[in-house]
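Engineer: Sequence:
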Amino acid sequence: MRVKDKVVILTGAASGIGRATAVLFGEEGAIQVLSDIDEKGLRETLDLMKKGKDRAEIMRVDVTNSAQVKKMVDHTYKKYGRIDVLIVNAGVVRVGPVEDFSDEDYDLLINVNLKGTYYSCKHAIPYLKKQGFGSVITLASVAAHIGQVNHANYCSTKAGILGFTRGLALDLAPYGVRVNSVSPGATDTPMLVSDVTKQAKERGVDYKVVRKEFEEEGVLKRWATPEEVAFGILFLASDESSYMTGSDLRIDGGWTTR
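Position 94, counted from 1, in the sequence shown is what the numbering used here calls 92; the numbers after and before it change by one each time, with no gaps.
Please keep in mind that the hints were generated in silico from the structure rather than gathered at the bench. As the structure is a computational prediction, the values presented were derived from the model and not from experiment. Heads up, a few of these hints could be off.
Unchecked claim - The following label-pair restraints were derived from C-beta to C-beta distances: (1) Arg41 / Asp169: 33 to 43 Å; (2) Gly130 / Lys76: 40 to 50 Å; (3) Lys196 / Asp3: 41 to 51 Å; (4) Gly161 / Lys76: 27 to 37 Å; (5) Gly161 / Lys49: 28 to 38 Å; (6) Lys128 / Val217: 43 to 53 Å; (7) Asp36 / Asp105: 16 to 26 Å; (8) Lys120 / Lys2: 42 to 52 Å; (9) Val207 / Arg53: 20 to 30 Å; (10) Lys206 / Thr254: 18 to 28 Å.
Said to hold, decoys possible - The calculated lysine-lysine pairs, modelled on DSBU-like cross-linking and capped at a C-alpha distance of 35 Å, are: (11) Lys38 / Lys2; (12) Lys113 / Lys2; (13) Lys49 / Lys76; (14) Lys199 / Lys51; (15) Lys127 / Lys76.
All C-beta atoms, glycine included, are put in the ideal place defined by N, C-alpha and C.
Turn these sequences into a full structure, and let the hints guide you.
Structural biologist: As structure tokens, this is what we get:
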């Protein structure tokens, strides 16, 4: 088991990629602190775990709230004495033309995607430096690498995560801490389904039409499963990636090869 007995903090664990990661890491023997703003979803994630449920705890955390994030990180270190892996997965998507985009929606993108990543790392860094080891994994996106119609604001936050990850990798390398990102392509999660549903409604076309367009973006002509992305996260969390830092793992079905 590749993360057996490793202490893992995972944000955004109530659904999608976060849920699949929690289940996979449970099977791989991790000790997990799972967080999300959706407490009901967290409990459902815990119920889905066939292994590792007794080594996992859930915490309702709003990643846009620095104090709540700090409380989670402090609790983890105080209880377990270390943080082996920090997975900053919590994220949201909002789409639309820049000129029509509401300030509230852009604030949400910035606060969850960028500030949520910043707060999670900020409060973990003192412990990571002190212990002299650890793996930090952020969630970027294919949208950090390419432009997408009506996604300019979302793209900006995910590109920001890439830059943040690379800079932080340099800062933490002297302390033995690795920092990498994962860039999923179209992945069959509630967040993407909601995005596609909204686009279909706005364009007055069937959901299947827009979904097909997303499937055609990658050369494999399908969406990823959350589990496929979770395996990439597992690799970066494990000692198998011990010589990787400042890297971005694209799990995008070949989307960015075009």
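Engineer: All hints, please: hold or fail.
Structural biologist: Tested hints:
Arg41 and Asp169 have their C-beta atoms about 36 Å apart, which keeps the hinted 33 to 43 Å range intact. As the Cβ distance of Gly130 to Lys76 is approximately 18 Å, the hint placing it in 40 to 50 Å is violated. Here the CB-CB span from Lys196 to Asp3 is close to 42 Å, well matched to the stated 41 to 51 Å. The beta-carbon spacing between Gly161 and Lys76, approximately 32 Å, falls within the hinted interval of 27 to 37 Å.
Between Gly161 and Lys49 the CB atoms are about 37 Å apart, so this pair conforms to the stated range of 28 to 38 Å. Between Lys128 and Val217, the C-beta spacing of about 44 Å keeps the proposed range 43 to 53 Å intact. Between Asp36 and Asp105 the beta carbons are some 20 Å apart, a value that agrees with the proposed interval 16 to 26 Å. Between Lys120 and Lys2 the C-beta distance comes to about 28 Å, which lies outside the given range of 42 to 52 Å.
A C-beta distance of roughly 44 Å is found between Val207 and Arg53, which places it outside the suggested range of 20 to 30 Å. Between Lys206 and Thr254 the beta carbon distance is about 24 Å. The supplied range of 18 to 28 Å therefore holds. Restraint check: the Cα-Cα separation between Lys38 and Lys2 comes to about 27 Å, which is no more than 35 Å; the hinted pair holds. Distance check on the hinted pair: Lys113 and Lys2 sit about 30 Å apart at the alpha-carbon level, within 35 Å; holds.
Under the criterion of a C-alpha separation no larger than 35 Å, the hint pairing Lys49 with Lys76 is consistent with the structure, at around 24 Å. Our distance criterion of 35 Å between C-alpha atoms is broken by Lys199 and Lys51, whose separation comes to about 39 Å. As the CA atoms of Lys127 and Lys76 are separated by approximately 15 Å, the hinted pair is consistent with the 35 Å bound.
Of the hints listed earlier, those the structure fails to meet are numbers 2, 8, 9 and 14, in rising order.
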